[in-house]
Amino acid sequence: MNELNIAQIEQEIKAFWSKEDIYRVHEDSSKPKYYVLDMFPYPSGAGLHVGHPLGYIASDIVSRYKRLKGFNVLHPMGYDAFGLPAEQYAIQTGQHPAITTQKNILHYREQLDKIGFSYDWSREVRTCDSSYYKWTQWIFIQLFNSWYNNKSNKAEPIEELIAHFEIKGNIDIKAHCSTQETFSAADWKQKTESEKQQVLLNYRLAYLANSWVNWCPALGTALANDEVKDGLSVRGSHPVEQRLMKQWSTRITAYAERLLQGLESIDWSDSMKDSQRNWIGKSEGAYIHFSLKTFKHKIKVFTTRPDTIFGVACMVLAPEHELVDTITSIEQSEAVQIYKKKTSSKSERDRSADVKNISGCFTGAYAIHPFTGKEIPVYIADYILASYGTGAVMAVPSGDSRDHRFAQHFPELADFVNVFEGVDVSLSACESKDVKLTHSGFLNGLNVPEAINRCIEELEKRGIGERKINYRLRDAVFGRQRYWGEPIPIYYKNEVPYALPESELPLTLPEIDKFLPTEDGEPPLARAVDWKYQGLYEYETTTMPGWAGSSWYFFRYMDPKNQKEFASNVALAYWKNIDFYIGGSEHATGHLLYFRFWTKVLYDLGFVPCEEPAQRLVNQGMIQGISSQVARIKGRSICVSNDVLENYLEQHGMNEKDDVQFIYADIRLVHHQKLDVEGMRSWNPEYATLQFICNENREFVVRQMVEKMSKSKYNVVNPDEVVAEYGADCFRLYEMFLGPIELSKPWDTQGIDGVSRFIRKLWRMFFNEQGQFLITTDKPSRDTLKVLHRCIKKINEDIERLSFNTCVSTFMICVNELSTLKCNQAEVLKPLLVLLHPFAPFITEYLWQRCGGSGSILHATFPFADGSLLVENSFEYPISINGKMRTKANFPLDLSQAEIEREVLKMEVVQKWLEGKPMKKIIFVKGRMINVVT
RNA sequence: GCCCGGGUGGUGGAAUCGGUAGACACGCAGGACUUAAAAUCCUGUGGCCAGCAAUGGCUGUGUGGGUUCAAGUCCCACCCCGGGUACCA
1 MNELNIAQIE QEIKAFWSKE DIYRVHEDSS KPKYYVLDMF PYPSGAGLHV GHPLGYIASD
61 IVSRYKRLKG FNVLHPMGYD AFGLPAEQYA IQTGQHPAIT TQKNILHYRE QLDKIGFSYD
121 WSREVRTCDS SYYKWTQWIF IQLFNSWYNN KSNKAEPIEE LIAHFEIKGN IDIKAHCSTQ
181 ETFSAADWKQ KTESEKQQVL LNYRLAYLAN SWVNWCPALG TALANDEVKD GLSVRGSHPV
241 EQRLMKQWST RITAYAERLL QGLESIDWSD SMKDSQRNWI GKSEGAYIHF SLKTFKHKIK
301 VFTTRPDTIF GVACMVLAPE HELVDTITSI EQSEAVQIYK KKTSSKSERD RSADVKNISG
361 CFTGAYAIHP FTGKEIPVYI ADYILASYGT GAVMAVPSGD SRDHRFAQHF PELADFVNVF
421 EGVDVSLSAC ESKDVKLTHS GFLNGLNVPE AINRCIEELE KRGIGERKIN YRLRDAVFGR
481 QRYWGEPIPI YYKNEVPYAL PESELPLTLP EIDKFLPTED GEPPLARAVD WKYQGLYEYE
541 TTTMPGWAGS SWYFFRYMDP KNQKEFASNV ALAYWKNIDF YIGGSEHATG HLLYFRFWTK
601 VLYDLGFVPC EEPAQRLVNQ GMIQGISSQV ARIKGRSICV SNDVLENYLE QHGMNEKDDV
661 QFIYADIRLV HHQKLDVEGM RSWNPEYATL QFICNENREF VVRQMVEKMS KSKYNVVNPD
721 EVVAEYGADC FRLYEMFLGP IELSKPWDTQ GIDGVSRFIR KLWRMFFNEQ GQFLITTDKP
781 SRDTLKVLHR CIKKINEDIE RLSFNTCVST FMICVNELST LKCNQAEVLK PLLVLLHPFA
841 PFITEYLWQR CGGSGSILHA TFPFADGSLL VENSFEYPIS INGKMRTKAN FPLDLSQAEI
901 EREVLKMEVV QKWLEGKPMK KIIFVKGRMI NVVT
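According to the working numbering, the first sequence is numbered sequentially starting from 1.
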């Protein structure tokens, strides 16, 4: 081969890799392990676009680099294959989702293979395979068979709890539990089997209970909190309403504190940790019990500001609060009923939409202030949510802006107590904590933190309140009224749920006639004919949510073919957890929380050795598309070039808003913002007769904007096309060169030529124009070695800090310098190929073999940077040379030894002059010493 | 509103510990080769000013202050953009 023929090289090298089965990994205790994982994709029908591989390329670089560094690297890939799109496609076409999914997976694989990833495909997993979801079901059963012991602070087997009930009841049990009902051993023994199971459901980590769920009528299913945003479903943006339903949930709330604490020990970005902290929403405060004037009941409130208790103007309950009907007076009864009806008819979205509209209603009841004995009116209002805290608050207008607004709304509350010294709260509440209290009895003169503690002490002493930590995190709704998901391995006997015995797993998805709910609104699985456990007992008909399979998949890669366990102890003990995890930040409050939760449960139960699934997490940014639009005059077949549009509109007395419609043009028809007019006409028959009004250069300019890549915007760039045109190495280098890995940026093919030129330049160091191989075994010059070793050092540092874009720049500089030096020695170029290999695997493998490298370059050793060749290392201080300031980074290589010595001498003179003074740094600017830092 | 990021040439972005701001690349301009084009190579390229020129001067990292011999980098205030979250008591 005398000319660079990328396609041929790729083909040859691919064949070589697959013949040698080069990426297969095994447990190997002689080498340290390193586990590099990508968040596995959902195989959608649209295939990969150029944005998807960004993270995969980065993780591939890391895993190849770690291999060269002597690690045994696990780098697998699989598919998150259950999901909504395949099911919706099935509903429309009747095509079984398994078939669609299989087809999409094959397409993904084909696309991935073109980019030269080092995945060990023998470990592939698919969440929709029954051999895989057998273990998803098995883990669900472990959750079902466990409870959370607050004393030992971990999950424990439910049998141990039952054994305890038999002996002592639940009196000394501290559990994370749905109800507080207490019973003795005798009580327990008297319960029927069905009653016992009902009690146990309150303890199980996977449980069936009536709970408020986010119900999406359009999708016909319940959704978890992270699947809802702004009152709309994340998938499809359909309205979501609150509905009380009997639902499977998982008790993630038991792990709130540990999920929070665990963040301290892992290397994730601040923003990611922050999102999780935010979602868990820890707040410290107190419960306070308020007595009522004419009832025995007490109102329990949660507050983070017990210090403001002397400023209470009223109590406010959520309209759904259980005491509302009991305490409402006869006079207020009608008003309260009307108000309750009004709020219940509003959806969650409407309710939060009019934050500004204050409303509420007096109940006629009065509470008693625990310290002053004053009567406090009790209201209901929809700004209080039944689902948070106790669904009731003590309203302190001087210290909380919502309470302030509420008090201003009711004339009878306008005259409230201000508990803050020297602060005017007549117009707005004081939410600062840097103030002192006044009008507050025993809290007078204390600052806020002191007063909070003092008040809680007093409440606890009097037995009318206690310190309390609240979390915003909700238990995760687990059941989905859908077909294409893992069946929940539960059957019902006398309406009591029982887990399937392990030996009966997997419970496979039954075949059904239609992928729709039944006529009476049951989930699709209810259509299955004769689908019963032992032919007798009904199975659960909801399926698991999308995140079930992805909550533990990283364990399965360790031992994917195991039929006896989800992974063997040997594999688990060797691979432990993920060292390097990469994926999108959109999973911050979904997947990344659930997979930490499941890992912690498995850890508590002794199945896995690590409590945190991923030690290091990196979020790759999104690659956006550049979409192009053509301005078309509404209702006519005239299009106007964007740069003359304004003029045109003015001449014809039109304006953009009313008379112009922008139509998308395919990104392939646009180059440098200019539209290929003929291409546009033939692209879509509807556009065949369009007239294009061009600018004076006879060009038609389009309007461009950066948007998410999507089919409907015609801005999708397919990696296959880029690889076909430039080669996989160039594609990989260019994606990295675009910018820092975490950054989102638009795909712009403009710059790819620079990378392409670099590859050809590299090639020309190995072959001349006549195709002769130029590499010799001659000894390289010292200058040439210097260039190489500087490059080694820089690449090493930059890969470690994941600065892949600067790595590419370093390669370009290095190759430029070496070709200027006419370098053709194998001793220099072979190490360079090794450095470059993680980024450009094909060409480096090819050239390595041409240079007589043995085996695959993947088994080479990452070169060591010889410090003696890095001149800049011999200087500790920034020094000036020839009037220019030099630091380690920009020390000139062309400097003669004499010049260096002269400068060093100069420094020594200065040092002598300053004899006796300890120095850290001598500062030279433009040849003049300006300071000595001691 | 609150919590995180981030604002650097025409563009993407470098500057790792406070030490020559703008690496590298794109684009653009000029040149070489060519009948021509493509490809390739070379030179220049933040802005302003002076000079035939080599070069020199001033200015410059969202805005305004501050710390420092020295600030893109640290501190304070503000503006703008992106993300998360929201009647969470």
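No wet-lab data here; the hints were simulated from the structure.
The structure presented is a predicted model; accordingly, all values stated were derived computationally and were not measured.
The beta carbon of each residue, even a glycine, is placed where N, CA and C say it ideally should be.
Please note that a few of the clues may not be correct.
Stated by the list, open to error - Label pairs and their in silico Cβ distance ranges:
1. 751 <-> 274: 27 to 37 Å
2. 300 <-> 274: 49 to 59 Å
3. 96 <-> 651: 18 to 28 Å
4. 198 <-> 424: 14 to 24 Å
5. 797 <-> 693: 23 to 33 Å
6. 673 <-> 210: 20 to 30 Å
7. 534 <-> 96: 20 to 30 Å
8. 743 <-> 538: 18 to 28 Å
9. 283 <-> 441: 18 to 28 Å
10. 673 <-> 745: 13 to 23 Å
11. 330 <-> 441: 32 to 42 Å
12. 751 <-> 782: 49 to 59 Å
13. 519 <-> 198: 35 to 45 Å
Hint numbers contradicted by this structure: Numbers 2, 3, 4, 5, 6, 8, 12, 13, in rising order.
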